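**Q** The chain contents come next:
Number of protein chains: 2
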Amino acid sequence: MKVLGIVVEYNPFHYGHLHHLRESIKLVNPDYVVAVMSGNFCQRGEPAIVNKYARAKIALLNGVDLVLELPTVYAIQDAGGFALGSVGILHKTGVVTDIVFGSESGDIEFLKKVAHMLVNQTPEFQAEFKKQLKMGFSYPNARKYALMGVLSEEVVKLSKSNDILGIEYLKALMKYNSSIEPHVINRIGADYNDPVFKGKLSSATAIRKVIKAGEFEAAKDAIPPTTYEILKEEFSKGRGPIFWEYLEFVIAMFRKMRREDFEKIYSFNEGLDLRFWEAARQTGDLQQFVELVKAKRFTYSRIRRAILHVLFDLEKEQMEKSNVLGPQYLRILGFNNKGRELLKEIKRKSQIPLIATASLYKQVLEEVEKQRNEGKREWQVDRELYLWQFEKDILASDIYTFLYPDKSVRSAGMDFEQQPIMV
Amino acid sequence: MKVLGIVVEYNPFHYGHLHHLRESIKLVNPDYVVAVMSGNFCQRGEPAIVNKYARAKIALLNGVDLVLELPTVYAIQDAGGFALGSVGILHKTGVVTDIVFGSESGDIEFLKKVAHMLVNQTPEFQAEFKKQLKMGFSYPNARKYALMGVLSEEVVKLSKSNDILGIEYLKALMKYNSSIEPHVINRIGADYNDPVFKGKLSSATAIRKVIKAGEFEAAKDAIPPTTYEILKEEFSKGRGPIFWEYLEFVIAMFRKMRREDFEKIYSFNEGLDLRFWEAARQTGDLQQFVELVKAKRFTYSRIRRAILHVLFDLEKEQMEKSNVLGPQYLRILGFNNKGRELLKEIKRKSQIPLIATASLYKQVLEEVEKQRNEGKREWQVDRELYLWQFEKDILASDIYTFLYPDKSVRSAGMDFEQQPIMV
Numbered sequence: 001m002k003v004l005g006i007v008v009e010y011n012p013f014h015y016g017h018l019h020h021l022r023e024s025i026k027l028v029n030p031d032y033v034v035a036v037m038s039g040n041f042c043q044r045g046e047p048a049i050v051n052k053y054a055r056a057k058i059a060l061l062n063g064v065d066l067v068l069e070l071p072t073v074y075a076i077q078d079a080g081g082f083a084l085g086s087v088g089i090l091h092k093t094g095v096v097t098d099i100v101f102g103s104e105s106g107d108i109e110f111l112k113k114v115a116h117m118l119v120n121q122t123p124e125f126q127a128e129f130k131k132q133l134k135m136g137f138s139y140p141n142a143r144k145y146a147l148m149g150v151l152s153e154e155v156v157k158l159s160k161s162n163d164i165l166g167i168e169y170l171k172a173l174m175k176y177n178s179s180i181e182p183h184v185i186n187r188i189g190a191d192y193n194d195p196v197f198k199g200k201l202s203s204a205t206a207i208r209k210v211i212k213a214g215e216f217e218a219a220k221d222a223i224p225p226t227t228y229e230i231l232k233e234e235f236s237k238g239r240g241p242i243f244w245e246y247l248e249f250v251i252a253m254f255r256k257m258r259r260e261d262f263e264k265i266y267s268f269n270e271g272l273d274l275r276f277w278e279a280a281r282q283t284g285d286l287q288q289f290v291e292l293v294k295a296k297r298f299t300y301s302r303i304r305r306a307i308l309h310v311l312f313d314l315e316k317e318q319m320e321k322s323n324v325l326g327p328q329y330l331r332i333l334g335f336n337n338k339g340r341e342l343l344k345e346i347k348r349k350s351q352i353p354l355i356a357t358a359s360l361y362k363q364v365l366e367e368v369e370k371q372r373n374e375g376k377r378e379w380q381v382d383r384e385l386y387l388w389q390f391e392k393d394i395l396a397s398d399i400y401t402f403l404y405p406d407k408s409v410r411s412a413g414m415d416f417e418q419q420p421i422m423v
Numbered sequence: 001m002k003v004l005g006i007v008v009e010y011n012p013f014h015y016g017h018l019h020h021l022r023e024s025i026k027l028v029n030p031d032y033v034v035a036v037m038s039g040n041f042c043q044r045g046e047p048a049i050v051n052k053y054a055r056a057k058i059a060l061l062n063g064v065d066l067v068l069e070l071p072t073v074y075a076i077q078d079a080g081g082f083a084l085g086s087v088g089i090l091h092k093t094g095v096v097t098d099i100v101f102g103s104e105s106g107d108i109e110f111l112k113k114v115a116h117m118l119v120n121q122t123p124e125f126q127a128e129f130k131k132q133l134k135m136g137f138s139y140p141n142a143r144k145y146a147l148m149g150v151l152s153e154e155v156v157k158l159s160k161s162n163d164i165l166g167i168e169y170l171k172a173l174m175k176y177n178s179s180i181e182p183h184v185i186n187r188i189g190a191d192y193n194d195p196v197f198k199g200k201l202s203s204a205t206a207i208r209k210v211i212k213a214g215e216f217e218a219a220k221d222a223i224p225p226t227t228y229e230i231l232k233e234e235f236s237k238g239r240g241p242i243f244w245e246y247l248e249f250v251i252a253m254f255r256k257m258r259r260e261d262f263e264k265i266y267s268f269n270e271g272l273d274l275r276f277w278e279a280a281r282q283t284g285d286l287q288q289f290v291e292l293v294k295a296k297r298f299t300y301s302r303i304r305r306a307i308l309h310v311l312f313d314l315e316k317e318q319m320e321k322s323n324v325l326g327p328q329y330l331r332i333l334g335f336n337n338k339g340r341e342l343l344k345e346i347k348r349k350s351q352i353p354l355i356a357t358a359s360l361y362k363q364v365l366e367e368v369e370k371q372r373n374e375g376k377r378e379w380q381v382d383r384e385l386y387l388w389q390f391e392k393d394i395l396a397s398d399i400y401t402f403l404y405p406d407k408s409v410r411s412a413g414m415d416f417e418q419q420p421i422m423v
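First to last, the protein sequences are chains Y and G.
Once you know that position 265 of the first sequence is 265 in the UniProt record's numbering, the rest is easy, because the numbers rise by one and skip nothing.
Once you know that position 197 of the second sequence is 197 in the UniProt record's numbering, the rest is easy, because the numbers rise by one and skip nothing.
Honestly, I wouldn't trust all of these hints.
For identical chains, the list gives no copy identity; a pair is met inside one copy or between any two copies.
Stated by the list, open to error - When the alpha-carbon atoms are kept at most 30 angstroms apart in a straight line, the in silico DSBU-like pairs for lysine-lysine are as follows:
{"id": "1", "residue 1": "134", "residue 2": "376"}
{"id": "2", "residue 1": "349", "residue 2": "370"}
{"id": "3", "residue 1": "200", "residue 2": "344"}
{"id": "4", "residue 1": "212", "residue 2": "407"}
{"id": "5", "residue 1": "212", "residue 2": "237"}
{"id": "6", "residue 1": "362", "residue 2": "256"}
{"id": "7", "residue 1": "237", "residue 2": "294"}
{"id": "8", "residue 1": "296", "residue 2": "26"}
{"id": "9", "residue 1": "407", "residue 2": "220"}
{"id": "10", "residue 1": "407", "residue 2": "256"}
{"id": "11", "residue 1": "316", "residue 2": "256"}
{"id": "12", "residue 1": "294", "residue 2": "256"}
{"id": "13", "residue 1": "237", "residue 2": "347"}
{"id": "14", "residue 1": "407", "residue 2": "264"}
No lab work stands behind these hints, which were simulated from the structure alone.
It should be emphasised that the depicted structure is a prediction, and the values quoted were computed from it without experimental measurement.
Only chain Y is shown next, with the shape it has when bound in the complex:
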């Protein structure tokens, strides 16, 4: 049995995603397709344009059999943490056999070589890396330049975001000692971050920009009809579109915080706490806030993610524990009939429990502990971390629904009211 695993955000699902999905299926020829998907907040540090259930439904209507949620605490980390969480979910299902990711270089052997070098860091690389960080480069740039010094000019391939992420996926597979086979396919269409709308080849960034400008009809050229219909439905129900700027109120929250309150939060090192504290006092405009915090060593995405780390109170200690132990549960966002079959298999083989009905998350944990205590089954679950990770997903949803344009649908508890999508 072959099970293809892919890592997605689908914010929103466009023709580039459809192409990637079809090419991946062609390459692996799997019996089932599982996608692990960011929930209500994405890796760029932004709320998704529509909620996770709507995005899961679109995925299911376009060829995915099962959508699992990437826990928030991984979805809003840098490439390393994001990959650790998403590969962790796929690996811990116990059924995924192959993973395919996009790559600008298309050179899996080269990416593996780099991943190996990073996992088994040579003293030579380490020294070079430290040197680059000291020069003030951001983490990804310092790493790139360090690799350049060690690996010759080949490394220019590493400047593209998919290759960078690909290396992280490979590192995560090594970390979990996973038997999942990695593959790459060449990306087509616009660059991940390309803001220019190019019709069918537009990036998600460009599509969101067009929607933000009130030109939803124009975005139609870049998204499959299923995406269009479901976005339209969400918008008509007042649940979208949601944009990053809606989080502006965080500045008022930051003004309440003392400097030491920032220090406790994940990602607040290298002086980011002082920069946040000062910027919150200088401006009441979120875009300007980010500009004020910006420095060579802090990318925009990192700053946006750090805003969310504060908003969701992601403490250093629990985040570090998450990055050692990996995800603690498999959360089902949706499935089709084939996905239902696969779920039976996952139920038998997974290392961590499946959560179908969110309101039962405490009972699920109790059952796991009971089975473990009775020696019936091994589970790779840490009680405290399980609860912490899941409660952060609920909090993220409760903040997300507050951002809905229509005030009358802003109630909290989305996770408890919505059952997994079945198509």
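Chain Y is already provided as a structure; the job is to place chain G on it using the hints.
**A** Here is chain G on its own, set in the frame of chain Y:
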């Protein structure tokens, strides 16, 4: 030397206020007029329509000689706490000889009788009061009905907000054992809360409503030219008008809080914590939030104030200490030439220090402690409470400026940048 003290909010200053000011001056014939004024947030639990400096300037242009700020921790309490803070400021100046407040009944002797009864609570009254509270009435209503039972029908006079507040002023004077002489004048014009615009006789509520509807020019009939000009200037600079609804983001903050986080905050008793917790989950609309929390025993104002108590983290312990020890400093918002003379007198006679330049608030405290240690002067100041009260004023301003309509002027630190107004 006669010094008239008055308690004001001037949100905004209108013809009713002007009448009250002139009548008070006529009645007392003072050498100086001191107003203690709510800062950026008012007793109804709302941000003021324009900031405290603008409102202080209007007061100075209309006959007040010195404006002192009522610390936030008193300004956003119920009538009792509000009166305790404002009378405390006037009393602790050491110079105020007379206080005049508006009254619907106009019967100072009757109000004094009631105040005495409340301060020296008879067992008869206490029993009746408890009975009414148990029946589910709000604090002010339970008190009114209890007094009715004890004082006969005269007490119908007590249903009006000015009389209720007047009793609290009288109680506060007793509490401080103050020699300030109280007087009442009859209110004219609209009821404090009357929402209907009535031209020259409109309430502040009605005026704010007209401004909110975008009819600032129409509000001109109800406000003196100085108010009109200064509001116009504030609005043109993007610093107003500010309305209560701008605080809607508190709901997102509340969704982050656990029930026990509410319990620590002042005014969260009688189940208000649970009501807040639940309402924040049910709605994302601030008006609806208040409706959901509303119950017979919680007035709208109390709920709005409780929202601010959470927003400013007003802990029970420090608030109770504030209500025992009273205000810890005299903060100067503005003065005219006569006010400057009076300030010299206050500097000699006050029980608590004057703060003219906010950024020096820690040095002012050090000087006070030095003088006390050297036996040079008695000061009625508690170090911890002084810092706590003042830092809450700064926080209130930092949240207030975030509400400015023009994002480019939303920087924090208003208190440190603005010197007292001199006219």
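**Q** For each hint, tell me whether it holds in the structure or not.
**A** Now the hints, each set against the structure:
1. 134 <-> 376: For residue 134 and residue 376, neither the intra-copy (51 angstroms) nor the inter-copy (55 angstroms) Cα distance is at most 30 angstroms.
2. 349 <-> 370: within (18 angstroms within a copy, 73 angstroms between copies)
3. 200 <-> 344: Close neither inside one copy (37 angstroms) nor across copies (75 angstroms); limit 30 angstroms.
4. 212 <-> 407: Both: 19 angstroms inside a copy, 20 angstroms across copies.
5. 212 <-> 237: Classified as both; 17 angstroms inside a copy, 28 angstroms across copies.
6. 362 <-> 256: Between copies only: 20 angstroms across, 33 angstroms inside.
7. 237 <-> 294: between (36 angstroms within a copy, 28 angstroms between copies)
8. 296 <-> 26: neither (41 angstroms within a copy, 66 angstroms between copies)
9. 407 <-> 220: within (27 angstroms within a copy, 33 angstroms between copies)
10. 407 <-> 256: both (25 angstroms within a copy, 18 angstroms between copies)
11. 316 <-> 256: both (20 angstroms within a copy, 18 angstroms between copies)
12. 294 <-> 256: Both: 21 angstroms inside a chain and 27 angstroms across chains, each within 30 angstroms.
13. 237 <-> 347: The answer is neither: 35 angstroms in one copy and 62 angstroms across copies each exceed 30 angstroms.
14. 407 <-> 264: Answer is between: at 29 angstroms across copies they meet the 30 angstroms cutoff, but 33 angstroms inside does not.
Hint violations for this structure: numbers 1, 3, 8, 13, all remaining hints satisfied.
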